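Here the protein sequences line up with chains A and B, keeping their order.
Read in order, the letters of the first sequence correspond to residues 1 to 97 in this note's numbering.
Read in order, the letters of the second sequence correspond to residues 1001 to 1131 in this note's numbering.
Calculated directly from the structure, the hints in this document are not laboratory data.
Note that the coordinates shown come from a computational prediction; the quantities given were computed from them, not determined experimentally.
Careful, some of the hints might be misleading.
Stretch by stretch, here's where chain A covers chain B in the computed footprint (C-beta under 8 Å, at least three residues) [claimed, not checked]:
no.: 1; stretch: 1033 to 1045
no.: 2; stretch: 1094 to 1101
With a Cα cut of at most 30 Å, we get these calculated DSS-like pairs of lysine-lysine [said to hold, decoys possible]:
no.: 3; chain 1: A; residue 1: LYS67; chain 2: A; residue 2: LYS97
no.: 4; chain 1: A; residue 1: LYS97; chain 2: B; residue 2: LYS1125
no.: 5; chain 1: B; residue 1: LYS1083; chain 2: A; residue 2: LYS82
no.: 6; chain 1: A; residue 1: LYS67; chain 2: A; residue 2: LYS10
no.: 7; chain 1: B; residue 1: LYS1083; chain 2: B; residue 2: LYS1114
no.: 8; chain 1: B; residue 1: LYS1083; chain 2: B; residue 2: LYS1053
no.: 9; chain 1: A; residue 1: LYS67; chain 2: B; residue 2: LYS1083
no.: 10; chain 1: A; residue 1: LYS82; chain 2: A; residue 2: LYS67
no.: 11; chain 1: B; residue 1: LYS1125; chain 2: A; residue 2: LYS82
From the three backbone atoms N, C-alpha and C, an ideal C-beta is built for every residue, glycine too.
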Amino acid sequence: MINIVTYGDKIVVSFQQDINFETSRMMEETIQSQPWDTSHLQIDLSAVRFIDSSGVRLLISWLYPLKDRVRIEMTGVSAPIKHILSICQLDQIVDIK
Amino acid sequence: MIQAQLNETNYSTMISAMLEQIHGHMQLDDMQRYTIQLILWELVSNVIRHSRKKYATVHISWSDEAIAIEVIDEGDGFQWEEKLSAPPPDFTRQGGRGLFLVQQLASHFSFDEKGKRAVVMIARKKGEKHD
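Whenever a hint applies, use it, and build me the whole structure from the sequences.
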């Protein structure tokens, strides 16, 4: 569901499936179990085709508390997902590529 | 026209099937496809999560100008006025983005008086609004 790999001071989190009402609860458990003790977080969404409002909620509740101490970037983001994240203003706290 | 009844066990598969059916009638670009998927997903999952009846009836029709989606809650409906008039959710609010996203993506979005029947129009040409 989620792969988490640490490279020195950088953590890469790769989501392996869509982030929605059906999947977000289990993903949240994985995310909440991590300390996120890093200065650089890369979130790879290249395998994600769909994010709903539950997925946006998961990303905001995870990333908003980290934003002042961690550089956060998102990679592999499709144009429609980028649009949804922008509507929800996630692009204000995350560098979306 | 497409009509279907969606419940908690079939809605994910049914939404994908409906998207394929619409795509068979018109060429949807990636953004239109995502918009239809997200609107169906948000409105149907809302009914499944919150309604007394755990299923929704969905009608989809289209013209050259717009795609019309109706999602009918067969239960009691909900107090939609306060939800649709709420300010955009900020980062301190975890939820409340489902109907907000539908509002932002649709060219028209309304409920009937009891909040049982949602009507959404999606413009097929960018920038069009429907009253």
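Outcome of the hint check:
no.: 1; hint: 1033 to 1045; verdict: holds (count 8)
no.: 2; hint: 1094 to 1101; verdict: holds (count 6)
no.: 3; hint: A:LYS67 <-> A:LYS97; verdict: holds, 17 Å
no.: 4; hint: A:LYS97 <-> B:LYS1125; verdict: holds, 27 Å
no.: 5; hint: B:LYS1083 <-> A:LYS82; verdict: holds, 25 Å
no.: 6; hint: A:LYS67 <-> A:LYS10; verdict: holds, 15 Å
no.: 7; hint: B:LYS1083 <-> B:LYS1114; verdict: holds, 13 Å
no.: 8; hint: B:LYS1083 <-> B:LYS1053; verdict: holds, 20 Å
no.: 9; hint: A:LYS67 <-> B:LYS1083; verdict: holds, 28 Å
no.: 10; hint: A:LYS82 <-> A:LYS67; verdict: holds, 18 Å
no.: 11; hint: B:LYS1125 <-> A:LYS82; verdict: holds, 20 Å
In the structure shown, no violation is registered for any of the earlier numbered hints.
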